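Undergrad: Read off the chains here:
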Amino acid sequence: MKRLHAVALLAIGLLLGSPVPAMAQKTSIDVAVAPTELSVVLGDRFTIETRLTNTDNAATGPLLAHLNVASLDNSVYVDPEDWSSERSQDVELEPGEAVTLSWELQAVNPGQIAVYVVVLPYGADAAANQQLVVSRLARVDVARRSTLTAGGVLPVVLIVPAVLAFAAIAARLRLRWRR
Amino acid sequence: MASLTVEAVELSKRFGEREAVRQVSFVAASGDVVGLLGPNGAGKTTLIRLLTTVLRPSGGTFQVAGLPATAAAEIRRRVGVLPESAGYPGHQTGEEYLRYFARLYGRSRAAARVVADGLLAEVGLSERSGTPISSYSRGMRQRLGIARALVNDPTVVFLDEPTLGLDPTGRSQVLDLVGTISRRRGATVLLSTHTLPDVERACSRVLILDRGRLVVSGGIDEIIAAARVERLSDAFLAMTREGSV
Amino acid sequence: MSRNRRTAAGWLVVAGQECRDLWLSGRGPLLLFVFSALLSTMTYVTSINKVLNFLEQREAVNLVLQVAVAVGALLSMVVAADGISGERERGTLESLLLTPVSGRAIVAGKAAAAVSLWLAAYLVSVPYLLVLSRGVGIAGPAAMAGVVVGTVVAGALTAIALLISSLSNSNKVSLAASIFLLLVLFAPAQLPSGRPQGWFFGVLRQLDPISSGLAYLSAVLVTGHRWTQDVSYLVSPVAITVLAGGALGLAGPRLVRLAAGGNGR
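Chains as they are written, first to last, in the numbering used here: chain A, 1 to 179; chain B, 180 to 424; chain C, 425 to 689.
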């Protein structure tokens, strides 16, 4: 009994400790992400790489790797489409094969942002209720640049029309004086 | 002997079926003031437009200021024209207007200013040089138009109905200017009008047009004698009703 | 002096006087004032938006530039539509035709004056572009793309309007025809999604010089495309400028005459 418990505990530990759970009923894929921590400034473009490894002895079949972006701060709304326009890549891995996928992103929102990749079976034959494979979180800290403020634009917003109004009035007066 | 400055040989202009000018031939010399008389629709304005290259003739040839019809741009450099229904940019002053045209004839900015000031003085508009043309009376606009016609110191000046719509004082001022142009500048003046007293006062020779044809040309006395009447107006009426003499 | 030098001087004199009439009579500054009031409103509203993200700020810069290009080019077109037909209506064309300045030079001078409205609108928009670009780093590309695209689009609209004006005896007809032609070119670009595909419909959609120019601006400033990636959008405004401008240049003496149609000089 104790041995059974130990084996069960070991199995659970292995499962929890391993980087990625296997895709149930199908094959095992490791998804590693790099870098896992990144600091950028608003507007910067950067690259995240994910390495997919087929650890099983069968081919994976068609797979779709999909990039997601989420804010770790409730007050900031993040639209993943704004961060990257190429968010899906399809792969197919032979037994033991590994491939590195690159994801180009642009930091569009300030704050703490989570970037991760989900791998799912692809195509019409993909069965329902399959466990998906998710990478570890890549945390991106995006610092603000000096940004737009109402006070900052007021000089332009007021002075330009004022100067042009003055010019228009001066032109009209010039016409009137000539009479 | 004065040189010929205008020579038209069987000049014609057709607009579709209508013949506006029919084989008109005449000459004018430097210093001449030639009256171009005729009823409405006689072809006076069309003839002027042909000679000033605004319109192309359908037939015939002409020379103006010693230049053939093919040298249109050069002819325009040597002639000055007051069109019949000339418009003026109301917001420009008289001075700006003349300066602009002086520059179009190739004068520098400084020279254009001198020319404009001189012409405004010549036509009696110096005091109004700085006011917009929209404030000018009709007579003042006609004088401004004559000034513009003189901006390039022309050899031949064409004035199309310069006294149209003017009161007697205005007419007199314009006709005085016409005399000045020919005497002081030695230019040939073609004065198109249907006002006979203007012709009698200002012109040394007359061309009478009717329905596009030249019915008679010559000195005023010659024409009166040839028509066997006592006045130019009688000769005019006779010729434009009953054909040529 | 050679004929070509006279011609060059002639168009400059015409352009100079047209610009004086436009800018010193009060019409030009008044139009610019109204335009700047619009830009000020757009800029202020953008600046008080607390949740504006990086892309939306870029889109705001792009929008200001698009408004500048569209308004500036349209103003140039309206002025150009008056170019020849307006002189005919006011009775001032004959005096101009009686000078040694060629029809080509007259048209060139009027085109230059009309395009000055676009250039002035662009200069007015530059301070707004600079403040809106703070933090998103596209002030330089926006300024450069704006002047290139705007000049090409304004050139196209000015050439079309001058051509139509030279063929019209009335200003109303000239302006109405210019705007109508623009709407005809504009319509295919507004076909809904699910629209017909193929090269023919692609060409039809890109016919409108304004829509094409603005689409190019968006591609460069918002989507981040390279300058050469979407250069096909500029084919329409460039082609229209060349065709209409070429027609004016070649047929200038025939087009600039006392009355549109009928016998000319």
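Bear in mind the hints are in silico, worked out from the structure with no lab data behind them.
Accuracy of the hints is not assured; some may be wrong.
[Claimed, not checked] Among the chain A residues that face chain C by a calculated CB cut under 10 Å, a handful are:
| hint | residue |
| --- | --- |
| 1 | Val31 |
| 2 | Pro35 |
| 3 | Phe46 |
| 4 | Ala58 |
| 5 | Leu93 |
| 6 | Arg139 |
| 7 | Val156 |
| 8 | Pro161 |
Because the structure is a prediction, the values reported are computed rather than measured.
Glycine included, each C-beta is placed from N, C-alpha and C at the ideal position.
Undergrad: Work down the list of hints and note, for each, if the structure agrees.
TA: Here is how each hint holds up against the structure:
no.	hint	in the structure
1	Val31	28 Å, violated
2	Pro35	21 Å, violated
3	Phe46	13 Å, violated
4	Ala58	41 Å, violated
5	Leu93	32 Å, violated
6	Arg139	19 Å, violated
7	Val156	5 Å, holds
8	Pro161	4 Å, holds
Checked against the numbered hints given earlier, this structure breaks hints 1, 2, 3, 4, 5, 6; the rest are met.
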